[in-house]
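Engineer: Add chain B to chain A, keeping to what the hints say.
So the protein sequences, as listed, match chains A and B.
Numbering-wise (the UniProt record's numbering), the first sequence opens with residue 1 and increments by one.
Numbering-wise (the UniProt record's numbering), the second sequence opens with residue 1 and increments by one.
Simulated from the structure, these hints should not be mistaken for laboratory data.
For lysine-lysine, the following DSSO-like pairs were computed, each having C-alpha atoms within a straight-line distance of at most 27 angstroms:
id, chain 1, residue 1, chain 2, residue 2
1, A, Lys79, A, Lys25
2, A, Lys77, B, Lys98
3, A, Lys79, B, Lys18
4, B, Lys18, A, Lys77
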Amino acid sequence: MADNTHSKPVHQREFEKKQHREEMKQQVLTFALMILFTLIAFGMVIMEINSYFVIPTLIILAVVQVAFQLYYFMHMKNKGHDMVAMMMYGGAAVAGLTIITFVSIVWW
Amino acid sequence: MSSEDVLNPKQMPHDPEKATLEGRNKFLAFWFFLGGETVLFASLFGTYLALNGSTQGENTPEHLFGLELVFIMTMLLLTSSLTSVYAMYHMKNHNFQKMQLWLGITVVLGLGFLGMEIYEFYHYIHHYEFTFRSSAFGSAFYTLVGFHGGHVLFGLSWIVTLMIRNQKRGLNLYNAPKFYIASLYWHFIDVVWVFIFTVVYLMGKVG
Chain A
1 MADNTHSKPV HQREFEKKQH REEMKQQVLT FALMILFTLI AFGMVIMEIN SYFVIPTLII
61 LAVVQVAFQL YYFMHMKNKG HDMVAMMMYG GAAVAGLTII TFVSIVWW
Chain B
1 MSSEDVLNPK QMPHDPEKAT LEGRNKFLAF WFFLGGETVL FASLFGTYLA LNGSTQGENT
61 PEHLFGLELV FIMTMLLLTS SLTSVYAMYH MKNHNFQKMQ LWLGITVVLG LGFLGMEIYE
121 FYHYIHHYEF TFRSSAFGSA FYTLVGFHGG HVLFGLSWIV TLMIRNQKRG LNLYNAPKFY
181 IASLYWHFID VVWVFIFTVV YLMGKVG
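Only chain A is shown next, with the shape it has when bound in the complex:
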């Protein structure tokens, strides 16, 4: 790792700073979308729209919002996150099974 910490040229530094700024812009946009989804979700419940329509929509909004959080805020969209994706999708798959199991056992 020693070479990594040596001084590097100014243009390289400027380039990296610019990259970080670009990423920050995307993240602020993500944040705005997440706020928008939250407002839509609360708005639908306050206006008391038909529950057959509302519940699936609420769940879709939550899943999209979480995907934004994982991919943009937690950087899963960046390189070197293949193992990370495997672990999170593995976790999500078991999570889904767990919920289905619990709910169906109590129903029967």
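Structural biologist: Just chain B now, kept in the frame of chain A:
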């Protein structure tokens, strides 16, 4: 770690949190842990979904929950997620003071969230006599939401400890992964909260 390892913009690796082997190991192991946390919370969500109809008397989800408080809590936690993104932005640009500042703002927002959650539980217990033991719904509710609240408390203590411990050290390759991982944990708390406000509060209100 010697003082030579303190980062400044003239000698910095591109991703300080993954520049050392220890940092990369922490990064990977922490995501492994988050995968496990997902399953842990799923079992609590499953329990809640299975039992939220087993209520006692008037204390049903529809009757208890107030959306105003939940909305403010959601906004606080969502904003704190963005402020910790800002903290990591400044970490990548090796600006230690600004990183500390944004982490401080994150902590204040998190404390606001925790305070409101404590108020919420207090309100349910004293005004509705809705406790952990009143019904299966009560047990499932307090376990799920309380477990999340416990994570918030742990996350706050973690970030504050890191901030105080490294105040005089500045940023180096040894503590950059620690800050990065604490911020991942904080984002994950927000991920769980998105499902809590959707599944528990909003779906509870819809009925």
